[in-house]
Amino acid sequence: MPERLISLEPPANQSDSKFDEATLLRRVLAGENDLFYQLIRPYERRVYAAAFAILRNEADAEDVAQEAVLKAFKHIRQFRAEAKFSTWLIQITVNEARMRRRKAHASLMEPLVDRPDEEGNYTPRDFADWREIPSETLERKEVRLKLAEALAQLGQIYREVFVLRDMQHLSIDETARALGISTASVKTRLLRARLMLRDLLAPGLGGAWSMSGNLSFEKGAKPW
Amino acid sequence: MVVNCEQVWQEVSNYLDGEVSPGLRAAIEAHVSGCQQCAAVVNGTRNVIELYGDERMLEVPLGFSQRLHRRLDANLPVRNLQSSDRRSFLGWMVAAAAACLVLGSLEVARSSALRRPPLRSAMAQPGGGVPPELAVVVSENGKLFHLAGCGFIHEKDKLRILTAAVAQREGYTPCVRCLGKYLDTA
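Note that the protein sequences, when read in sequence, are chains A and B. Just so you know, we're using my numbering here: the first sequence kicks off at 1 and counts up by one. Just so you know, we're using my numbering here: the second sequence kicks off at 1001 and counts up by one.
In isolation and in its complexed conformation, chain A is listed as follows (with noise of 0.2 Å):
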């Protein structure tokens, strides 16, 4: 049984929509734009997400999010049922943040981690042990920001796949098609990316995060 129950579709108290998305779709291509604003609010989180998680800048992220959506708008007839409606508009994101990163040679800067090659298995290096995290930490901005910050530190192929898969709750195929690669490329990427997150955070998370509040990310001492 998968130990992951999580649903692909937003909550439903995200949307105030009084149709639903196949109805909405519909009625935008006979010409309710009016329509389209209740359509993309459930993902408008997803679309920025999307985009930030490739240029990391909340700037840039937020103006192709905007770019991404209008192109939705623009080219919605192009969308075919037999995808996602959310699974495409991510995928416009992605490419429109991919062509504005390419255009801020932003490659340049990309981090360490993102050059070693895939082919290799990943050592985890840090082997603390957690306890169980409550989600209630995550109430606490600084967590937050730590999560973000380890995040960041990901190369650019690890961090789109995982926030894909594992913050937008795609499935491994969906990824696959949003980011244009295999189902393999995914798998391979996700458990790097997890892997070296885990890496990241296990210091910080398996020491006493949720229990004293200390966010340090120096190496504790290992059971071992």
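Everything labelled a hint here was simulated from the structure, so no lab data went into it. Hints should not be assumed to be uniformly reliable.
Unchecked claim - Facing chain A, according to a computed beta carbon distance under 7 Å, are these residues of chain B, among others: (1) 1009; (2) 1010; (3) 1040; (4) 1041; (5) 1044; (6) 1045; (7) 1047; (8) 1049; (9) 1052; (10) 1053; (11) 1060; (12) 1061; (13) 1065.
As the structure is a prediction and not an experimental result, all values here were calculated from the model. Backbone N, C-alpha and C define an ideal beta-carbon position, used for all residues, glycine too.
Based on these hints, arrange chain B on the given structure of chain A.
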């Protein structure tokens, strides 16, 4: 089936996603139950997935949604005045009102910046017809500005020469005797 530590590390992601065979799953669980390091890796990876998967991690900048909608308002063709179109229309009305306020404030600021000081003579009217660059004479405590040599200049020992424009800015008004030809009321 028996797996070693490296095999656990390579499969931990698939294992947590529920994408391993029942045999491999059982083997991983058997290994992890006796291996502290691998238990740490599995538990830590599970924590990573759960923490980052929380909606609270998808933060957007304050006002993101409103700015996005404004961009849409400005770019989506309006078909009719339905819901968001109405909102857009109202938005434009609010924006127009705000613009009027801003322009009004600017006008007030501008007019106050250009506003002449109170006239030194309560009964006088500013003389708009006097050439602004015309050299005129004022006395320190006088109320009028004059052409040099005007017989109605008071306090001749405290005179200043300046242009008509500056004199008017300082609140002096033209002498109807010497400058009458420039004045409509002369």
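| At a threshold of 7 Å, is the proposed contact between residue 1061 (chain B) and chain A supported by beta-carbon distances? | 5 Å, holds
| task | Let me know if the C-beta of residue 1009 (chain B) comes in closer than 7 Å to any C-beta of chain A, holds or violated. | result | Status holds, d = 6 Å.
| request: May I ask you to test the interface hint for residue 1047 (chain B) with respect to chain A, counting a Cβ-Cβ separation under 7 Å as satisfied? | output: 5 Å, holds
| query | Does the interface hint hold: is residue 1060 (chain B) within less than 7 Å of chain A, judged Cβ to Cβ? | reply | Holds - the Cβ of residue 1060 (chain B) comes within 7 Å of chain A, reaching about 5 Å at its closest.
| task | Report holds or violated for the interface hint on residue 1044 (chain B), using the least CB-CB distance to chain A and a cut-off of 7 Å. | result | 4 Å, holds
| query | Does the CB of residue 1049 (chain B) sit less than 7 Å away from some CB of chain A? | reply | With Cβ-Cβ at 5 Å, under 7 Å, it holds.
| query | Holds or violated: residue 1041 (chain B) as interface residue toward chain A, Cβ cutoff 7 Å? | reply | With a minimum Cβ separation of about 5 Å from chain A (threshold 7 Å), the hint on residue 1041 (chain B) holds.
| Is the shortest C-beta separation between residue 1045 (chain B) and chain A less than 7 Å? | At 5 Å from the nearest chain A Cβ, residue 1045 (chain B) passes the 7 Å test, so the hint holds.
| message | Quick check on the hint: residue 1052 (chain B) CB to chain A CB, less than 7 Å? | response | Holds: closest Cβ of chain A sits about 5 Å from residue 1052 (chain B), inside 7 Å.
| Is the hint on residue 1065 (chain B) kept, meaning its closest Cβ partner in chain A is under 7 Å away? | Residue 1065 (chain B) check passes; min Cβ-Cβ to chain A is 6 Å, inside 7 Å.
| Given residue 1053 (chain B) was flagged as interface, is its beta-carbon under 7 Å from a beta-carbon of chain A? | Given a least distance of 6 Å, the restraint on residue 1053 (chain B) holds.
| query | Regarding the hint that residue 1010 (chain B) lies at the interface with chain A, is the smallest CB-CB distance below 7 Å? | reply | 6 Å, holds
The structure shown violates none of the earlier numbered hints.
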